[in-house]
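Residue numbers (the numbering used here), protein chains in the order written: chain A, 1 to 125; chain B, 1 to 393; chain C, 1 to 323.
Hint data in this document are derived by calculation from the structure and do not stem from the laboratory.
Be a bit skeptical, because a hint or two may be false.
[To be verified] Simulated crosslink set (DSBU-like; lysine-lysine; CA at most 30 angstroms straight-line):
{"#": "1", "chain 1": "B", "residue 1": "Lys281", "chain 2": "A", "residue 2": "Lys120"}
{"#": "2", "chain 1": "A", "residue 1": "Lys9", "chain 2": "C", "residue 2": "Lys54"}
{"#": "3", "chain 1": "A", "residue 1": "Lys105", "chain 2": "A", "residue 2": "Lys75"}
[As the list claims (entries may be wrong)] Which residues of chain B face chain C? A few of them, derived with a C-beta cut under 8 angstroms, are:
{"#": "4", "residue": "Ile118"}
{"#": "5", "residue": "Thr191"}
{"#": "6", "residue": "Ile194"}
{"#": "7", "residue": "Val305"}
{"#": "8", "residue": "Ile344"}
{"#": "9", "residue": "Pro345"}
The C-beta atom is built at its ideal place from N, Cα and C for all residues, glycine as well.
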Amino acid sequence: MRKPGSVLKEMFENLGTRPVTILYPKEKVPIPEAFRGKIAIRDEKCIGCSKCAIVCPTQCITMVANEREVEVKGKTIVRKKKPEVELYMCIRCGLCEEYCPTDPKAIYLTNAFSGAGPDKEVVVK
Amino acid sequence: MTEVVVPIGPHHPALKEPVNFKVVADGETIVRLELDVSYNHRGIEKAAEQRDFVRVVPLLERVCGICSHSHTTVFVKGIEEAMKVQIPPRAQYIRTIVAELERIHSHLLWFGVAAHEIGFNTLFMWTWRDREAVQDMLEEMTGNRVNYGINEVGGVRRDLTPEQIQAALKRLPHLEDRIAKYRDMVNKEATMMIRFRGVGKLSKDDILKLGAVGPTARASGVDYDIRKDDPYIAYADVPWQVITDTHGDVYGRTLVRIGELQQSLQIVRYCLENLPAGPIKITTPRAAPRGEILSRYEAPRGELVHFIRTNNTDKVERLDIRTPTLANWTSVAVSLVHQNLADIPVIVAAIDPCLSCTSRITIVNERGKKTGEMTWDELSAHGREFYRKRGRA
Amino acid sequence: MDPILLAVYILLFPGFLFLLAYAFFFQFLDRKIAARMQARVGPPLLQPFADFVKMLGKEVIDVKGMDRKAFDAAPLLALAAVMTAFLYVPIVGNSPLAFQGDLILVLYLLTLPTIVLFLLGWLSRNVFATIGGVRAVTQMFIYEVPFFLALLTPALMAGSWSITDIVAWQQSHLWFAVLQPIGFVVALIGLQAKLERTPFDIPEAETEIVAGPWTELTGRRLAMMRLTMDVSMVVGSALVAALFLGGPRIPWTITPDWLSWIVGFGLFFVKTLGVLLVLASIKVATGRLRIDQLNDVGWKYLASAAILQVLIVLLMNYWWVSA
Chain A
1 MRKPGSVLKE MFENLGTRPV TILYPKEKVP IPEAFRGKIA IRDEKCIGCS KCAIVCPTQC
61 ITMVANEREV EVKGKTIVRK KKPEVELYMC IRCGLCEEYC PTDPKAIYLT NAFSGAGPDK
121 EVVVK
Chain B
1 MTEVVVPIGP HHPALKEPVN FKVVADGETI VRLELDVSYN HRGIEKAAEQ RDFVRVVPLL
61 ERVCGICSHS HTTVFVKGIE EAMKVQIPPR AQYIRTIVAE LERIHSHLLW FGVAAHEIGF
121 NTLFMWTWRD REAVQDMLEE MTGNRVNYGI NEVGGVRRDL TPEQIQAALK RLPHLEDRIA
181 KYRDMVNKEA TMMIRFRGVG KLSKDDILKL GAVGPTARAS GVDYDIRKDD PYIAYADVPW
241 QVITDTHGDV YGRTLVRIGE LQQSLQIVRY CLENLPAGPI KITTPRAAPR GEILSRYEAP
301 RGELVHFIRT NNTDKVERLD IRTPTLANWT SVAVSLVHQN LADIPVIVAA IDPCLSCTSR
361 ITIVNERGKK TGEMTWDELS AHGREFYRKR GRA
Chain C
1 MDPILLAVYI LLFPGFLFLL AYAFFFQFLD RKIAARMQAR VGPPLLQPFA DFVKMLGKEV
61 IDVKGMDRKA FDAAPLLALA AVMTAFLYVP IVGNSPLAFQ GDLILVLYLL TLPTIVLFLL
121 GWLSRNVFAT IGGVRAVTQM FIYEVPFFLA LLTPALMAGS WSITDIVAWQ QSHLWFAVLQ
181 PIGFVVALIG LQAKLERTPF DIPEAETEIV AGPWTELTGR RLAMMRLTMD VSMVVGSALV
241 AALFLGGPRI PWTITPDWLS WIVGFGLFFV KTLGVLLVLA SIKVATGRLR IDQLNDVGWK
301 YLASAAILQV LIVLLMNYWW VSA
């Protein structure tokens, strides 16, 4: 039998229970694995196809010239460019991760949620 | 007694977003008011014309924070209709689950804000605490608490794992219990009843004449819910009911929203338990064939309409957004006259205003550097003149 | 009384210094209890003091064309009034400044903050402040009659207009909270309205008129006015505790004099904190009324309850005298 809701009763019950506030940063906030957080790049996997730069809605990814040997599907190729992301323009939509053709993804979103900084032009390489 | 102009807005603690009511008050009674809703205009409709169908979805998500899934769903639904493709049933169910979770979190937010507007901060704190459970569910499923990014043309972007489904189902009983308690509190708590009953009353004829939509209309007995009248995604398969009420005042709108909360929880439970197997997206053509689509959706605040004109390219030619709040503003302006000054926040909060959704037009005189208003006839004449000069019929 | 002892009584303990410290403690407890009832954490112990010190250092913004001297003096006037009122309420034993009629003086001094709020609203040259000031005075007219009547019925039964005598009367008879329960309830509700707390925070309605008469108060003026409201809460609670709950006395006598004073002081704490708990619960459990609804509720229920209480007291007096 469900007990009827009452403001007074709940008020006094709350006096005896712990508050629901998570005392961040002393207590940790639980973050799910699939959270779309800060962007990161795996340099050794990127093949320089530029799909991420094309699909980004805010156009915050620029392809810079950077040569490197990468292993893809058992073969070694030389890629010509790699992405650089302006961190504070990224809206963390995850479209770059979805369209990246490599496996594991060369550009991906971590689940780091905090990350304020003083420099607006910071770039993730 | 002399009349005093009380400027409610654009900056005011009662408003979460800028809107300007120029209220002329005689003592505590409102004599007349003028409404200006153009403060949040960001040029989204124009920006949408320059982005292809993949890149325009995150833009449309950010029309509004609370109903972001509504805007993306109605848009991709319209594009899929233009392309004449059918998305797989699993994708439809996932879209429905996220849509109803968004409705739950929006109504709980509204409930807290309505309590805050009458000074009842306790209920504000409690409803927002319960809303955290919904936000956690959305975070686990879609990766973010706001702006879920789960829609794309052709389906959804993420799948639900069995663990996520079990975790979500575990949270539902607590929410159902809390909402039932809030329903009791609304019917018993003295100050809420005395501030909500009889305030902002609109009869069924008024609603039909002013064109109000959503819970505002359903509280006056108008049975108008797009999910039943024009079903989309999975609503035709799930058993649920439209909630209407006959009070017509703020109390009626509260009851309608609480009833919708309970229905949404039912829908979410049904969809989670009966999720069909299969793919979550299909490949769609790059360009949409020429056509004009009117796509409708029942957002938490009412009927949301996107008018999309496509022209065989991968971008829209014209996107026009008519949000439910825009339809409800006239009812506020009409029902506020002859009410108390103290009732302004209550009546405004009762339609659940979302100014970011509403501000789609602002008039600027570039040469004169003044702002002004146009009547309907002036606007039609201006439009005809504009296109005649550009060489179109 | 010895002049040096009198100076210590007024300035240190239980006078102004104790009053200020207790006012901060009261605000802390009020916010903490309200927060815990709402499932929040609430502020730490020194938060009200930190707020006060911070506000003293903030910039004072003057409205163009405002009477600056009057605006500066008004919060200080209100603060002085409530602090003076505290001296007549018995805290430890008797008040050395007691005289016949000090109850009337205390009630009068306690109304000064509301009048000052109206004055501030009028001087602010701001629409919201004027509306708030008018609402404050309207509210005062509504609750003041039942509040005064409820606080005067103990005086009627004890046969004296001095708070100290009323407290002494309760030591040999029952507490007035038991003898006059209706008056007790009306006094508590009237106290909540005087302090302008929910459901009676109509002049300060944040969501309707920004901050009412508080809108143009900044810096040290705001600090002084908030301190006035805190001190007002302490004085009001002490007054209700003295008139209805027997003040700092116990029904028995304890022989070492100093021990009875310490126990009495402890009781003063307990009783005022009890009143605070009731006031905080009322604040948390309700929403705000509209001014015309308060008019209804005030005259229909509060005033009639207070008048009923007065009639009962007159009848009881008649029976006791004739018995």
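Taking the hints in turn, this is what the structure says about them:
1. B:Lys281 <-> A:Lys120: 37 angstroms, violated
2. A:Lys9 <-> C:Lys54: Status violated; Cα separation ~37 angstroms.
3. A:Lys105 <-> A:Lys75: 17 angstroms, holds
4. Ile118: Holds, because the Cβ-Cβ distance from Ile118 (chain B) to chain C comes to roughly 4 angstroms (cut-off 8 angstroms).
5. Thr191: Since the shortest Cβ distance to chain C is 4 angstroms, the answer is holds.
6. Ile194: 6 angstroms, holds
7. Val305: 31 angstroms, violated
8. Ile344: 7 angstroms, holds
9. Pro345: This hint holds: Pro345 (chain B) lies near chain C, its Cβ roughly 5 angstroms from the closest one there, short of 8 angstroms.
Hints 1, 2 and 7, counting from the list given before, are not met by this structure.
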